[in-house]
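*Asks:* One line per chain: the protein sequences are L, D, R and P, in this order. Under the working numbering, the residues of the first sequence are numbered 1 to 147, in order. Under the working numbering, the residues of the second sequence are numbered 1001 to 1147, in order. Under the working numbering, the residues of the third sequence are numbered 2001 to 2077, in order. Under the working numbering, the residues of the fourth sequence are numbered 3001 to 3077, in order.
Don't read these hints as lab results, they were simulated from the structure. Some clues are possibly wrong.
Derived pair list, reagent style SDA-like, types lysine to any residue, alpha-carbon separation capped at 25 Å [stated by the list, open to error]:
1) K3017(P) <-> E1057(D)
2) K2006(R) <-> R11(L)
3) K1111(D) <-> E98(L)
4) K51(L) <-> K1030(D)
5) K1007(D) <-> P3073(P)
6) K1079(D) <-> A1126(D)
7) K1026(D) <-> N66(L)
8) K125(L) <-> L2035(R)
9) K95(L) <-> K1079(D)
10) K51(L) <-> R1109(D)
11) K1030(D) <-> W143(L)
12) K1005(D) <-> Q3052(P)
13) K1030(D) <-> K5(L)
14) K3046(P) <-> E3020(P)
15) K30(L) <-> A1014(D)
16) K2006(R) <-> F10(L)
17) K2044(R) <-> N146(L)
18) K1125(D) <-> V3057(P)
19) K1026(D) <-> K5(L)
20) K5(L) <-> K125(L)
21) K5(L) <-> A2066(R)
22) K3017(P) <-> N1066(D)
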Amino acid sequence: MKDKKPKNVFRDGAISSDFIGNSIYKHQTKTSIGAHNIFLGQVRADDIDGKTVAAIEYTAYEDMANQKFHDIRESAFEKFDLTCMHIYHSLGTVKAGEICLFVFVSSPRRKVVFEALEYIVEAIKADVPVFGKEIFEDDTHQWKQNN
Amino acid sequence: MKDKKPKNVFRDGAISSDFIGNSIYKHQTKTSIGAHNIFLGQVRADDIDGKTVAAIEYTAYEDMANQKFHDIRESAFEKFDLTCMHIYHSLGTVKAGEICLFVFVSSPRRKVVFEALEYIVEAIKADVPVFGKEIFEDDTHQWKQNN
Amino acid sequence: MLLTIKYFGQIAEVTQKEEETLECSAKNISELLALLYSKYEGLKIKDFQVAQNQELVSESTEITGAEIALLPPFAGG
Amino acid sequence: MLLTIKYFGQIAEVTQKEEETLECSAKNISELLALLYSKYEGLKIKDFQVAQNQELVSESTEITGAEIALLPPFAGG
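Just chain L, same shape as in the assembly (with noise of 0.2 Å):
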């Protein structure tokens, strides 16, 4: 058992460009920071079959994906030098083009940031219980999978 709790990592709905630069904006009273990294992941408009993802609506055993969130961030701290660490994830519906996942990552120094960010990217889309609906424009779906 962990001591600290799982904190909620996710949102309702898209995550919004200017809550990302707020994020940013709130960084810079962390002097001892040196590089950032950030990813977005944004809904694509693909086309299947002749259809074309309109949206993808997000369900999360919540709980548990919590909890898997809160390892990786643990299990990150560990092996990186990191000064700060922040992950969203959408729930509910989010159109194509909006902002799904925010990762955000920062170190004294760059070659961390890189190394850091893309385990985290890697071990949430392998390990945390997110489930998407990809809904075309014609009000079908399909279930979206990660590779």
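Given the coordinates of chain L, assemble chains D, R and P onto it according to the supplied hints.
*Replies:* Same frame as chain L, but now just chains D, R and P:
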């Protein structure tokens, strides 16, 4: 000779979080994008022999630097399947905690953005004639040098 | 044992519910799945993992917990 | 040949100027540097690269261009 004229990458003073947020916002109409990766360089308040860095004053051999940024850009588009790429670098005074470098790459797929961003940032550090005077709180200075 | 079973995504489309409580005598996950397959024919062709008390488990894992979840392929990010 | 010489960062601190025009007969970069070392003693202990018409060149490169720059270590980003 390249046929396209290099753009001016330089911005006067720090790069604001609003500018970055707005740049993210503008990409939400590009619905073929699935992944963004952003690098931000922030000025560290390093302690050096008991003195603290208060700001960095950036100068550059501007024409050559813009040409180098342009070459890096062309070479990144050749190597990686990128949808968009933006680079901004500060000139003049940037205080500790403020952002001096903003590199933004976007692609349909995530693997590409990780590789591309690191390639671009390392090339900027190694190849672009930008010079940084680290100004201490007591108004003395030393010259910054990339490793 | 009284078990809460949770269904997600395309699995919940098959079961037509997101959660149910079952009183069952299954000793391990494999036995529980046999029971669920007989109840929901469509599950057999679906790809999913099983979690017990929020940890992924294998078919041979003994049932010890109160919460079992059927998780279709992950699609986060 | 009439050359414009540009100085940057800590190099400009030594030369006390950012740019100057020189009429000189130096055939290659090495000969030009000898001239500049005699003019600015402090340059000898400085670490720098030389660009001719915005391309980095070596000491043996022939002088062909109108613009030479002395570039101290880069510090971008």
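*Asks:* Are the hints correct? Go through all of them and say.
*Replies:* The hints, checked one at a time:
1. Between K3017(P) and E1057(D) the alpha-carbon distance is near 17 Å, which keeps this suggested pair within the 25 Å criterion.
2. The straight-line distance between the Cα atoms of K2006(R) and R11(L) is roughly 22 Å, inside the 25 Å bound, and the hint therefore holds.
3. Note on K1111(D) and E98(L): the hinted pairing holds, with a Cα-Cα distance of about 20 Å set against a maximum of 25 Å.
4. Restraint check for K51(L) and K1030(D): satisfied, since their Cα atoms lie roughly 18 Å apart, inside the 25 Å limit.
5. For the hint linking K1007(D) to P3073(P), the alpha-carbon distance of about 24 Å falls within 25 Å, and the restraint holds.
6. Taking the CA atoms of K1079(D) and A1126(D), the gap is near 18 Å; set against the 25 Å cutoff, the hint holds.
7. A distance of roughly 31 Å separates the Cα atoms of K1026(D) and N66(L); the hinted pair therefore is violated under the 25 Å criterion.
8. For the given pair, K125(L) sits about 31 Å from L2035(R) by alpha-carbon distance, which is inconsistent with the 25 Å threshold.
9. Among the hinted pairs, K95(L) with K1079(D) is inconsistent with the structure: their alpha-carbon atoms are about 30 Å apart, more than 25 Å.
10. At roughly 20 Å between alpha-carbon atoms, K51(L) and R1109(D) fall within 25 Å of each other, so this suggested pair holds.
11. For the suggested pair K1030(D) and W143(L), the alpha carbons sit about 23 Å apart, so the restraint of at most 25 Å is met.
12. Taking the CA atoms of K1005(D) and Q3052(P), the gap is about 20 Å. The hint holds against a cut of 25 Å.
13. Restraint check for K1030(D) and K5(L): the C-alpha separation of about 38 Å exceeds 25 Å, so the hint is violated.
14. Pair hint K3046(P) plus E3020(P) holds up; C-alpha atoms about 19 Å apart against a cutoff of 25 Å.
15. Our distance criterion of 25 Å between C-alpha atoms is met by K30(L) and A1014(D), whose separation comes to about 16 Å.
16. Proximity of K2006(R) to F10(L) is assessed by CA-CA distance (about 19 Å); at most 25 Å being required, the pair is judged to hold.
17. At roughly 21 Å between alpha-carbon atoms, K2044(R) and N146(L) fall within 25 Å of each other, so this suggested pair holds.
18. Restraint check for K1125(D) and V3057(P): satisfied, since their Cα atoms lie roughly 19 Å apart, inside the 25 Å limit.
19. Taking the CA atoms of K1026(D) and K5(L), the gap is near 37 Å; set against the 25 Å cutoff, the hint is violated.
20. Of the supplied pair hints, the one linking K5(L) and K125(L) holds, its CA atoms being roughly 22 Å apart against a limit of 25 Å.
21. Pair hint K5(L) plus A2066(R) holds up; C-alpha atoms about 21 Å apart against a cutoff of 25 Å.
22. Only pairs whose Cα atoms come within 25 Å are accepted, and K3017(P) paired with N1066(D) is accepted, the gap being roughly 23 Å.
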